[in-house]
Amino acid sequence: MENPRPQAPAGIPPMAPLPVPPSIAPIPAPPPRIPAAAAVASTSTAGGGGGGEAEYEVSDDHRAARERHERAVQELLQRRRAYAMAVPTNDSAVRARLRRLGEPVTFFGEREMERRDRLRALMVGLEAEGQFDRLLRAQEDEQGAAGAEEEEEQIQYPFFTEGTQELLKARVDIAQYSLPRAKARIERTKRRYDDPDEDPDAEANLVVKQAEDFVLECSEIGDDRPLTGCSFSRDASMLATSSWSGMIKVWSMPQITKIATLKGHTERATDVAFSPVDDCLATASADKTAKLWKTDGSLLTSFDGHLDRLARLAFHPSGKYLGTASFDKTWRLWDVNTGKELLLQEGHGRSVYGVSFHPDGSLAASCGLDGYARVWDLRSGRLYCTLMGHVKPVS
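Here the UniProt record's numbering is used: position 136 in the sequence shown is 136, and no number is missing along the way.
Hints in this document: simulated from the structure, not taken from any laboratory.
Keep in mind it's a predicted model, so treat the numbers as computed, not measured.
Do not take every clue at face value.
[Stated by the list, open to error] Think about it this way: if two alpha-carbon atoms lie no more than 27 Å apart in a straight line, the pair counts; the simulated DSSO-like pairs of lysine-lysine are:
(1) Lys294 <-> Lys263
(2) Lys169 <-> Lys190
(3) Lys294 <-> Lys340
(4) Lys258 <-> Lys294
(5) Lys263 <-> Lys340
(6) Lys340 <-> Lys392
[Claimed, not checked] Pairwise CB distance ranges, derived in the manner of DEER restraints:
(7) Arg350 <-> Val215: 21 to 27 Å
(8) Phe232 <-> Thr338: 22 to 28 Å
(9) Glu198 <-> Thr386: 21 to 27 Å
(10) Cys385 <-> Ala128: 31 to 37 Å
(11) Arg99 <-> Glu129: 47 to 53 Å
(12) Gly125 <-> Arg350: 35 to 41 Å
(13) Thr386 <-> Met253: 35 to 41 Å
(14) Arg350 <-> Gln255: 41 to 47 Å
(15) Lys258 <-> Glu198: 18 to 24 Å
(16) Lys294 <-> Glu110: 47 to 53 Å
Each residue gets a CB set at the ideal place from its N, CA and C atoms; glycine is no exception.
Please build the complete structure, drawing on both the sequences and the hints.
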C-alpha cells in the first residue's frame, strides 16, 4: 500500500521544482604532437595520399638561408679551431712542416705571416677531413728531427785545434810586444792618480769643449757610389776611402787632391785601413778577400780564405798582423809579411761585422750580428769575456 503524498496545508502555495544543472561537455583529448623535424622534412605536395593528414613544405629561400647559416657556423668553428691550434712561429719551422706535409714551401710573393696562415689553414683542413693522423706523423717527424739535433748538440764537447808553429811564434811575439806597453800604461795611470795636480774631470771637460768647437774643414765627393770606409795615414798626410764601386782612392791632406786609385777588387769594397808603422794600407771586399797595397797603387799581398764577404778589418798595433771580420761567422788573423792565415777564430752565432785591437796589442775584440761583442786574449787564444746587453746586431 502506497503512502499518500503529503498535502500542503490549505492556504500555502506549492513549492517550485529545483533547477537541474546543465550537463558539462567532456574535455577533448589533445591532438598527437608531430616532431618538428618531421614537419620540416615533409615535402610532399598538397592533395597527396596520407588520409588527409597535414604536411609542411620548405621553401627554397628558407632552405638557402638554412644552408648559409650552417656554413657560417662551420666557418666560425673552423676559425676557433685554427686559433686554438699550435702553429710554429719560426719561419724555418713553418717551412719544414709544409715540406713534411707535402705542400709547397713558399709561393711567389708570399711573406712569413702569409706562409704561417697558409699552414694554419692546411692543418685545420686536415683535421676536418679526418686526416689528422697525417698531421700527427708530420709533427712526430719534426719533433724527432729536433730531438736528434738536440742530442747532437748535447753530445758535442769543447775541442781544441792544434795551432801551427807560425801561430805559436805570433803569440810569443804579441806577448813580448804587449807586456812592456801594458806595464808602462799602468805606471802612467798610477802617476796621474797620485799627482795632486792632475784633475781627470778638468781634462774630460777640456776634451768636450774642444769637440764643441769642431767646424767643417773641407768636403769632397769621394766616388760615384756610396763610401764604406776611410782611414788616415799615421802622419795624417793621406786619407784613403773605399766605396761600393770596388775602388780605393788615396787623397793628400789637407789639399784633398787625389793621388792614387787602387783597383783590384771584383766586388764592392767594404773597409780600408792604413798601417800604423808605414804607408801601406789594407782593404776588405765583398769578393771574400783582403788586399795589402802601397800608396802608389801597387798590390803587395792578397789574403784569401774567407768563405763569405768581408765586413771590417784592422791592423794590429805592431803592424805585423791584420785582422779581418767576415759574414762566414769567423774573424781571422793574418801575417802581413807572408800573407799566411795564422788564426781562424769562431765563436759568434751569426756574421762577424767588426774586429779591433787593444792599443797594447794584447787583446782583440769582435762584434757580430748575433748582438754580442767578444774579447779575446791573443797571447793565450782564450775568450776573455763576452759583452751582452744589445738587443740588435752590433756593428
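To see whether the hints hold, each was checked on the structure:
Taking the CA atoms of Lys294 and Lys263, the gap is about 12 Å. The hint holds against a cut of 27 Å. Restraint check for Lys169 and Lys190: the C-alpha separation of about 32 Å exceeds 27 Å, so the hint is violated. Restraint check: the Cα-Cα separation between Lys294 and Lys340 comes to about 19 Å, which is no more than 27 Å; the hinted pair holds. Proximity of Lys258 to Lys294 is assessed by CA-CA distance (about 15 Å); at most 27 Å being required, the pair is judged to hold.
Distance hint between Lys263 and Lys340 is fulfilled; the C-alpha atoms sit about 22 Å from each other, no more than 27 Å. At roughly 34 Å between alpha-carbon atoms, Lys340 and Lys392 are farther apart than 27 Å, so this suggested pair is violated. At roughly 40 Å, the beta carbons of Arg350 and Val215 sit outside the given window of 21 to 27 Å. Between Phe232 and Thr338 the CB atoms are about 27 Å apart, so this pair conforms to the stated range of 22 to 28 Å.
The beta-carbon spacing between Glu198 and Thr386, approximately 34 Å, falls outside the hinted interval of 21 to 27 Å. Under the hint 31 to 37 Å, the C-beta atoms of Cys385 and Ala128, about 55 Å apart, miss the expected range. For Arg99 and Glu129, the hinted distance range of 47 to 53 Å is not satisfied, since their beta carbons lie about 20 Å from each other. Between Gly125 and Arg350 the CB atoms are about 37 Å apart, so this pair conforms to the stated range of 35 to 41 Å.
Take Thr386 and Met253: their Cβ atoms lie about 39 Å apart, and the range 35 to 41 Å holds. The hint said 41 to 47 Å for the Cβ distance between Arg350 and Gln255, and at roughly 43 Å that hint holds. One distance hint, 18 to 24 Å for the beta-carbon pair Lys258 and Glu198, is violated here, with the actual separation near 44 Å. The hinted window of 47 to 53 Å between Lys294 and Glu110 holds, with their beta carbons roughly 51 Å apart.
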